[in-house]
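> Chains A and B supply the protein sequences, listed in that same order.
Using my numbering, read the first sequence as starting at 438 and increasing by one per residue.
Using my numbering, read the second sequence as starting at 4 and increasing by one per residue.
Since the hints were made in silico from the structure, they are not lab data.
Bear in mind the structure is a predicted one, so any value in this text is a computation, not a measurement.
Positions of the beta carbon are idealized from the N, C-alpha and C atoms, including for glycine.
Don't take every hint at face value.
[What the hints assert, rightly or not] Residues from chain B that face chain A, not an exhaustive set, calculated with beta carbons under 8 Å:
id, residue
1, 52
2, 60
3, 65
4, 68
5, 69
6, 70
7, 114
8, 123
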Amino acid sequence: MAAKTYGRVIPNLDLDSLNGKLLVVEGADGSGRTTQIELLRAWLESRGYAVDVVGLRRSSLVSEELNEAKKNLILGLHTLTLFYATDFADQLENKIIPALRAGFIVLADRYVYTLMARAVVRGADRTWIESLYSVALVPDAVIYLNVEPEVLIQRTLQKSPSLDYWESGMDLGLSRDMFTSFMKFQKLMQAEFRRMQKVYGFDIVNGNRSVDRIALALRKRVERVLEGAEHGEVEGVRGEGDGGHRGDVRPAIAGAGGEVERAGDGGAQAGIDRGPYEAPAAPPRSR
Amino acid sequence: MTLPDVKGKLIAVEGLDGSGKSTQLHLLQRWLESEGVKVFFTEWNSSEIVRLATRKGKKRKLLTPSTFSLIHATDFGDRYERQILPLLQAGYVVLADRYMFTAFARDVVRGCDPEWVRSVYAFAIPPDITFYFRVPLETALDRILSGRPSLKYFEAGMDLSLSADPYESFRLFQGRILDQYERMKDEYGFRTIDATRAIREQHYEIRELLRGLIDFPAYMKPAEAG
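Extracted from the complex, chain A is given alone in its bound form (with noise of 0.2 Å):
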């Protein structure tokens, strides 16, 4: 089957046979999104698939003078967004699309949902980051781990005794005082979250509870796009041990029903049928 994108096709893109599935974590900083990527990883390779996890800001082309100019705290909101949206499409075209053709199962330590949501709040025109973003390839499934701000903080200062400027969306001026800033900036990160999840059909896990619990919900759902992608879509069709890895599968699931929280029953694929892309606004012309 091949791939879908949302909406815009880059120049020069197969998106035919690409085999791999693209799972996408998104979460703040102190979601445990990367520690559960890790665990998944650690996972899915014991069963004996080949993973490759990206991430944000680590293309070869960019990450490096964008790291730079976020230092320096001077780019404009269109042009940062654009520089992310550089990276992105750099690590799309060398490493997600590769990756997916060799039939890898390609982890997103985050992947556009970020960037749109922290533009959004910004106060980037939501339309314009929609159609700037719809050459993105539509993951297999997206799950948001979503911590309360009151979590997320104890989290964070628990890893280091200091806030980030940008996490704390110091940019906004919502606050002069740190703490108050990351309170205000998370909550509309979140509901920006919530917002976005019912155009592109996020699963959303309580990230509030231990590593272990979110680790089995993940699973959980993860095991549903492999299943999908080993018996045609099948719901509930397991294939029959056989001693080899994909008899693993059963035990993994036990008990973690009710785990993972759904926008009806398409989840990332319903977002594929509504197709959250709209015509962007009309081309500017001489005034």
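Model the placement of chain B on the given structure of chain A, informed by the hints.
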């Protein structure tokens, strides 16, 4: 998308390499300055911050049509947000040597979706007037190629695999860009300048057009204090 209202005026020049547009913009800048007008000049692909990334991408041939498009949009965004827009808001006449239409032409020739490229630039105010310096392809090519310059990989459109010979590739690439400009001139209401004429003749035509567009006293530099 709602765009801000600004006091200033934005004047862009577009056209093929070798159309003489940069010469004309330079003369225009000199004239406006001599009239006491607050002028700011900006050119394509010149943001300090983004330049390193663009240079690396070009040198190592890392750019694809989409990243080529986006990195130039980033460069434009930086110049727009930190210079063009604030200066327009402060009542300057901003002169742009190439504007978003250059991206529309080049990126579409490279295979990007035309609507997508246009939407990427939808955050920016369109020019008050865009001068399109129109010349036959051969004239522009002669002006550029007669000195047998060393053409850079992306400049010659080598990434399009039109020809293994850089000069032939450049010819074909420029021809396609010309097609895009010809399509856009009505779409965006470009003011076409016949760029085969004498330089001074073109310049005086532009002066006349601007006298009708710009109320000069409103854009004068403030009198020096003291």
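> Of the numbered hints stated earlier in the document, which are not met by this structure?
none
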